[in-house]
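So you can see what is in the structure, the chains are spelled out below.
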Amino acid sequence: MIEYNDYQKVYLNINGENRSVIIKPAQTLLDVLRSLGLTGAKKGCENGDCGSCTVLINSYPIKSCLTLALEAVGKQILTIEGLKNSPFQQAFVSHNAFQCGYCTPGFLLVCHSLSIHYPNADDQTIAHWLQSNICRCTCYQEITNAVKCKLKDILQTKKA
Amino acid sequence: MLYVGKDSDRIDAQDKVKGLAKYTDDINYCGMLYAKLLLSSVAHAEIVSINKDKALKVDGIVSVVTGQDNMLCFGPCIQDRPPIAFGKVRYLGEPVAMVVAYDEQTAQKACRLIEVEYRELPIINSTDDALIDGAELIHTVQDYDKTITDVYPIDNTNIASEVKIRKGNALDELKNCKFIAKGEYFLPQSDHIAMETRSAIAEIKGDGQVTIISATQSPYEVKSQICQKFKLQATKVNVIVPQVGGAFGGKSAVQLEILAYIASLSAGGRMVKVTNTREQDILCSPGRIGLKAKVTLGADAGGTLKAAHLIYHLDIGAYADISTKIAQAIAVDCTGPYKIDHVYCDSLAIYTNHPYTTAYRGFGHASYTFCIERTIDKLANMMGIDALEFRMKNLISYGDYTPTQVKLNCNNISNLPNCYDKLKSLIDWSLNNEVIGSKTKAWGISSFWKTSNSPTNAVSGALVTFNKDGSVNLNVGVVEFGQGAKTRLVKLLAEILKINPDKITINTEIDTKTSPEHWKTVASLSTFMAGKAIIKAGEDILKQLRELAAIALRCTPEDLDIEDEKVFVKYNKDFFISYKDLIHGLKFEDGTNIGGQILGRGAYGMNHLTVLAKDSGKGKPGAEWTCGAQAVLIEYDSKDHSFRPLKVVTVLDAGALISPAMDRGVIKGGMSMGLGLAMHESFYCQNGRVENTSLRTYKVRHKEDIDIEFIVDFANTPNVEAPYGTRSFSEHGIIGIPAAFANALSRAATVELDTLPLTSQTIWQQKGEQDVTI
Numbered sequence: 001m002i003e004y005n006d007y008q009k010v011y012l013n014i015n016g017e018n019r020s021v022i023i024k025p026a027q028t029l030l031d032v033l034r035s036l037g038l039t040g041a042k043k044g045c046e047n048g049d050c051g052s053c054t055v056l057i058n059s060y061p062i063k064s065c066l067t068l069a070l071e072a073v074g075k076q077i078l079t080i081e082g083l084k085n086s087p088f089q090q091a092f093v094s095h096n097a098f099q100c101g102y103c104t105p106g107f108l109l110v111c112h113s114l115s116i117h118y119p120n121a122d123d124q125t126i127a128h129w130l131q132s133n134i135c136r137c138t139c140y141q142e143i144t145n146a147v148k149c150k151l152k153d154i155l156q157t158k159k160a
Numbered sequence: 001m002l003y004v005g006k007d008s009d010r011i012d013a014q015d016k017v018k019g020l021a022k023y024t025d026d027i028n029y030c031g032m033l034y035a036k037l038l039l040s041s042v043a044h045a046e047i048v049s050i051n052k053d054k055a056l057k058v059d060g061i062v063s064v065v066t067g068q069d070n071m072l073c074f075g076p077c078i079q080d081r082p083p084i085a086f087g088k089v090r091y092l093g094e095p096v097a098m099v100v101a102y103d104e105q106t107a108q109k110a111c112r113l114i115e116v117e118y119r120e121l122p123i124i125n126s127t128d129d130a131l132i133d134g135a136e137l138i139h140t141v142q143d144y145d146k147t148i149t150d151v152y153p154i155d156n157t158n159i160a161s162e163v164k165i166r167k168g169n170a171l172d173e174l175k176n177c178k179f180i181a182k183g184e185y186f187l188p189q190s191d192h193i194a195m196e197t198r199s200a201i202a203e204i205k206g207d208g209q210v211t212i213i214s215a216t217q218s219p220y221e222v223k224s225q226i227c228q229k230f231k232l233q234a235t236k237v238n239v240i241v242p243q244v245g246g247a248f249g250g251k252s253a254v255q256l257e258i259l260a261y262i263a264s265l266s267a268g269g270r271m272v273k274v275t276n277t278r279e280q281d282i283l284c285s286p287g288r289i290g291l292k293a294k295v296t297l298g299a300d301a302g303g304t305l306k307a308a309h310l311i312y313h314l315d316i317g318a319y320a321d322i323s324t325k326i327a328q329a330i331a332v333d334c335t336g337p338y339k340i341d342h343v344y345c346d347s348l349a350i351y352t353n354h355p356y357t358t359a360y361r362g363f364g365h366a367s368y369t370f371c372i373e374r375t376i377d378k379l380a381n382m383m384g385i386d387a388l389e390f391r392m393k394n395l396i397s398y399g400d401y402t403p404t405q406v407k408l409n410c411n412n413i414s415n416l417p418n419c420y421d422k423l424k425s426l427i428d429w430s431l432n433n434e435v436i437g438s439k440t441k442a443w444g445i446s447s448f449w450k451t452s453n454s455p456t457n458a459v460s461g462a463l464v465t466f467n468k469d470g471s472v473n474l475n476v477g478v479v480e481f482g483q484g485a486k487t488r489l490v491k492l493l494a495e496i497l498k499i500n501p502d503k504i505t506i507n508t509e510i511d512t513k514t515s516p517e518h519w520k521t522v523a524s525l526s527t528f529m530a531g532k533a534i535i536k537a538g539e540d541i542l543k544q545l546r547e548l549a550a551i552a553l554r555c556t557p558e559d560l561d562i563e564d565e566k567v568f569v570k571y572n573k574d575f576f577i578s579y580k581d582l583i584h585g586l587k588f589e590d591g592t593n594i595g596g597q598i599l600g601r602g603a604y605g606m607n608h609l610t611v612l613a614k615d616s617g618k619g620k621p622g623a624e625w626t627c628g629a630q631a632v633l634i635e636y637d638s639k640d641h642s643f644r645p646l647k648v649v650t651v652l653d654a655g656a657l658i659s660p661a662m663d664r665g666v667i668k669g670g671m672s673m674g675l676g677l678a679m680h681e682s683f684y685c686q687n688g689r690v691e692n693t694s695l696r697t698y699k700v701r702h703k704e705d706i707d708i709e710f711i712v713d714f715a716n717t718p719n720v721e722a723p724y725g726t727r728s729f730s731e732h733g734i735i736g737i738p739a740a741f742a743n744a745l746s747r748a749a750t751v752e753l754d755t756l757p758l759t760s761q762t763i764w765q766q767k768g769e770q771d772v773t774i
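Which chain is which? The protein sequence lines are A and B, in order.
Residue numbering for the first sequence follows this note's numbering, beginning at 1 and increasing consecutively.
Residue numbering for the second sequence follows this note's numbering, beginning at 1 and increasing consecutively.
Be aware that one or more of the hints could be misleading.
Said to hold, decoys possible - Computed, partial: chain A to chain B, Cβ under 7 Å:
hint: 1; residue: 44
hint: 2; residue: 80
hint: 3; residue: 89
hint: 4; residue: 93
hint: 5; residue: 101
hint: 6; residue: 118
hint: 7; residue: 122
hint: 8; residue: 127
hint: 9; residue: 129
hint: 10; residue: 130
hint: 11; residue: 131
hint: 12; residue: 138
hint: 13; residue: 139
hint: 14; residue: 141
To be verified - BS3-like, lysine-lysine: derived pairs with alpha carbons at most 30 Å apart:
hint: 15; chain 1: A; residue 1: 152; chain 2: B; residue 2: 647
hint: 16; chain 1: A; residue 1: 24; chain 2: B; residue 2: 54
hint: 17; chain 1: B; residue 1: 407; chain 2: B; residue 2: 422
hint: 18; chain 1: A; residue 1: 75; chain 2: B; residue 2: 18
hint: 19; chain 1: A; residue 1: 84; chain 2: B; residue 2: 6
hint: 20; chain 1: A; residue 1: 24; chain 2: B; residue 2: 18
hint: 21; chain 1: B; residue 1: 339; chain 2: B; residue 2: 407
hint: 22; chain 1: B; residue 1: 22; chain 2: A; residue 2: 84
hint: 23; chain 1: A; residue 1: 75; chain 2: B; residue 2: 22
hint: 24; chain 1: A; residue 1: 148; chain 2: B; residue 2: 6
hint: 25; chain 1: A; residue 1: 148; chain 2: B; residue 2: 18
hint: 26; chain 1: A; residue 1: 9; chain 2: B; residue 2: 22
hint: 27; chain 1: B; residue 1: 6; chain 2: B; residue 2: 498
hint: 28; chain 1: B; residue 1: 393; chain 2: B; residue 2: 647
hint: 29; chain 1: B; residue 1: 18; chain 2: A; residue 2: 158
hint: 30; chain 1: B; residue 1: 647; chain 2: A; residue 2: 24
Said to hold, decoys possible - DEER-style ranges, computed between Cβ atoms:
hint: 31; chain 1: B; residue 1: 456; chain 2: A; residue 2: 152; range: 52 to 58 Å
hint: 32; chain 1: B; residue 1: 644; chain 2: A; residue 2: 145; range: 16 to 22 Å
hint: 33; chain 1: B; residue 1: 608; chain 2: A; residue 2: 145; range: 40 to 46 Å
It is worth saying that the hints were derived from the structure and are not from the lab.
If you're wondering where the values come from, they're calculated on a predicted model, not measured in any experiment.
The C-beta atom is built at its ideal place from N, Cα and C for all residues, glycine as well.
Build the full structure now, drawing on both the sequences and the hints.
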């Protein structure tokens with residue numbers, strides 16, 4: 001058991017970069033990421049309800065507003081800034097899967113994780129994964145279509 | 001058309017999918033201070049004392065501000081709202097103090113140490129309570145200044161404004177009607193829930209220059225209110241708007257900007273940020289009106305609508321903001337898009353001790369449409385006429401007059417019969433009330449219309465400059481918050497200049513110092529107003545290009561035409577000069593030069609709108625009415641009263657579309673929000689306390705296990721007054737959905753559902769009561 005008092009230096013692996021950061025033990029991962037300029041993770045509710053703050057830890061989506069930065073020490077953190085050339089990014093653009101863009105980083109990271117863990121996801125699984133996040137602008141149809149279309153593409157590429 | 005009507009990516013798409021789009025709360029500067037608000041814990045009370053001693057002793061505090069420090073009242077219609085309460089609090093959640101500190105946590109900690117003593121007053125919990133003789137008065141309305149002339153508070157009452165429509169003689173005509181349907185409806189207050197909570201930053205420089213950065217739909221209104229109240233010269237106040245994370249009307253109200261400015265004042269001008277938590281965004285910042293309505297509609301024996309008697313009581317909460325104007329908007333379109341010659345309507349904006357309210361997608365139209373369309377279904381049932389046929393028979397059309405007596409023509413109103421024809425082909429109306437086991441499927445329908453209700457002198461503008469390589473910069477005052485306005489506006493300029501949209505950059509950020517004023521980005525008016533300004537700016541550029549090219553090509557400007565970024569001689573396309581050789585002046589081989597840069601300017605102000613007559617409502621409230629028809633198919637299970645929507649359909653006559661796929665998405669978003677209103681969204685309010693202030697308890701629509709089918713189709717009747725035959729739209733997807741939903745569910749469950757949101761419990765309770773009666 002590690003005892004943390006007041007400010008503490010820890011190492012966080014964010015988007016493949018090892019960074020030393022000074023944090024307070026009570027700080028959420030969301031606050032720490034945003035203080036590092038990684039503002040793609042958004043504050044929508046700070047209560048785990050909306051998913052705008054979603055990042056991946058060891059490739060699984062978590063709500064960074066409910067996660068202490070300390071809990072992420074020694075793990076791989078992926079934020080939207082580190083998501084490079086994901087096919088879902090272009091799919092979201094071409095399917096009109098966002099409007100204001102505020103929830104988009106969270107949804108994209110959920111989709112990226114889904115494609116890693118459930119590349120064969122059926123409609124039910126896709127629905128369950130997308131239910132973790134709220135989009136207030138779209139009707140979810142465009143997001144769902146973008147996900148389905150890209151999962152299919154990824155599978156076909158693998159087969160080929 | 002080269003670009004209008006063709007799909008393209010949003011101009012801000014890449015930033016948004018890469019997490020690079022910067023919203024107000026993403027902006028941080030070294031040395032920035034943070035403000036936190038202490039909110040009232042009671043709904044109606046006199047403030048006896050505020051003790052800030054303990055808060056001031058906290059390390060890291062810069063200042064503590066209370067209402068006494070700036071005793072000013074703000075409001076776009078009636079100036080009734082102090083940024084921080086003084087003397088009295090009028091809703092639970094109203095700011096009573098503000099702490100400025102080095103960081104948010106310290107500010108929050110100090111807030112908790114402020115001691116406020118209240119002497120509680122009777123709480124007005126509903127519009128009915130507010131109207132009782134001798135009711136506690138929330139305001140002394142007669143003491144307030146008015147910002148606009150057409151707002152009509154009634155002295156010594158809780159009525160912030162009364163709007164009357166008197167067309168024909170509805171009271172007498174109703175007596176002659178063979179069929180009369182009546183209904184009473186109740187719709188609770190709710191919230192916008194933009195995913196980005198409101199946020200504002202303010203700084204006052206040494207020379208008095210004020211900079212405000214804010215998530216606002218109304219940067220010019222922010223500027224104007226702050227200049228007016230703090231007596232600042234307009235050139236000293238600059239409002240900047242970064243990306244905005246959803247707005248839905250909620251960010252048209254000016255609130256946090258004033259608080260951030262006051263915070264900065266108290267901190268010697270240092271830069272201060274104030275950002276709402278979700279709870280504050282729901283509780284403290286303005287939400288959506290509640291509505292209580294009594295609707296009476298009369299028809300003759302032949303099934304023709306004859307008269308309407310309509311009483312709308314808006315629960316506007318503790319302060320008026322723009323809600324007095326919503327009362328007007330409801331009155332203006334009070335009947336829905338039906339031809340009714342005799343209309344009597346009273347629309348009252350009523351103060352209560354609920355959170356205050358402001359514009360919300362549809363500007364009151366989703367609320368009154370619910371009441372009208374439910375009554376239309378009841379009337380059709382009573383007469384034994386098909387609800388769809390009854391609507392089609394009575395649709396308002398060219399040559400008819402609106403409730404405020406505007407004569408309609410093929411430009412100022414959409415083609416509604418065409419919308420219904422399309423709707424019929426998209427739904428299996430004849431299969432209505434299909435029963436399989438305990439499950440019933442039923443369709444419900446609704447018509448809708450909406451006009452803009454802008455100020456009669458609302459303005460917009462566009463400035464266009466060229467870069468040396470021939471690429472273009474477009475500068476407008478329209479705010480982008482997801483509706484796609486900027487993407488559409490770029491295409492309008494591309495179309496008139498005949499230049500590829502990829503070569504045009506539009507300002508994603510608004511800066512009131514350099515962007516020409518656009519009244520407010522509200523009322524679905526951006527394409528209409530800014531679009532008209534852009535077309536003028538484009539024409540201004542084409543004229544200059546022709547004049548300069550005429551010198552180069554040795555002919556008159558009239559001999560020239562434009563295509564592919566070239567000015568060429570009409571009868572000989574080989575004889576041309578490229579844009580890029582003209583835009584920074586025309587240079588001859590010997591080095592001599594004519595002309596400077598080509599700058600394009602365009603301005604537009606609303607035309608022919610009038611202030612409505614106080615006694616009858618007569619007048620022109622908007623340039624056009626965009627109309628449509630909507631339908632919802634629900635499946636209802638009589639075993640447990642559970643239900644779910646299966647299909648949601650909208651047919652909208654939006655004229656020519658600029659970006660069809662994107663436009664469809666905006667309408668679907670509105671439909672989704674409409675489903676939220678129908679099934680989930682409401683403030684649960686006990687004695688002035690809103691009890692559901694988180695997204696765990698205030699439910700917005702999430703993705704369902706089984707997909708709902710969203711279908712959108714368009715009629716395309718051009719409005720020649722608007723750019724390229726477009727029509728105003730953006731908010732419209734929401735308007736008829738709650739009504740169509742309730743019509744469907746009422747039909748399936750065979751019970752009249754006249755409140756929102758609808759739950760299994762509502763049906764069970766109402767069925768139960770009916771069973772008892774039987």
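Hints, one by one, checked against the model:
{"no.": "1", "hint": "44", "result": "holds, 5 Å"}
{"no.": "2", "hint": "80", "result": "holds, 3 Å"}
{"no.": "3", "hint": "89", "result": "holds, 4 Å"}
{"no.": "4", "hint": "93", "result": "holds, 4 Å"}
{"no.": "5", "hint": "101", "result": "holds, 3 Å"}
{"no.": "6", "hint": "118", "result": "violated, 16 Å"}
{"no.": "7", "hint": "122", "result": "violated, 12 Å"}
{"no.": "8", "hint": "127", "result": "holds, 5 Å"}
{"no.": "9", "hint": "129", "result": "violated, 9 Å"}
{"no.": "10", "hint": "130", "result": "holds, 5 Å"}
{"no.": "11", "hint": "131", "result": "holds, 5 Å"}
{"no.": "12", "hint": "138", "result": "holds, 5 Å"}
{"no.": "13", "hint": "139", "result": "holds, 4 Å"}
{"no.": "14", "hint": "141", "result": "holds, 5 Å"}
{"no.": "15", "hint": "A/152 with B/647", "result": "holds, 25 Å"}
{"no.": "16", "hint": "A/24 with B/54", "result": "holds, 25 Å"}
{"no.": "17", "hint": "B/407 with B/422", "result": "holds, 25 Å"}
{"no.": "18", "hint": "A/75 with B/18", "result": "holds, 22 Å"}
{"no.": "19", "hint": "A/84 with B/6", "result": "holds, 29 Å"}
{"no.": "20", "hint": "A/24 with B/18", "result": "holds, 29 Å"}
{"no.": "21", "hint": "B/339 with B/407", "result": "holds, 12 Å"}
{"no.": "22", "hint": "B/22 with A/84", "result": "holds, 18 Å"}
{"no.": "23", "hint": "A/75 with B/22", "result": "holds, 27 Å"}
{"no.": "24", "hint": "A/148 with B/6", "result": "holds, 25 Å"}
{"no.": "25", "hint": "A/148 with B/18", "result": "holds, 20 Å"}
{"no.": "26", "hint": "A/9 with B/22", "result": "holds, 28 Å"}
{"no.": "27", "hint": "B/6 with B/498", "result": "holds, 14 Å"}
{"no.": "28", "hint": "B/393 with B/647", "result": "holds, 25 Å"}
{"no.": "29", "hint": "B/18 with A/158", "result": "holds, 25 Å"}
{"no.": "30", "hint": "B/647 with A/24", "result": "violated, 50 Å"}
{"no.": "31", "hint": "B/456 with A/152: 52 to 58 Å", "result": "holds, 54 Å"}
{"no.": "32", "hint": "B/644 with A/145: 16 to 22 Å", "result": "holds, 20 Å"}
{"no.": "33", "hint": "B/608 with A/145: 40 to 46 Å", "result": "holds, 43 Å"}
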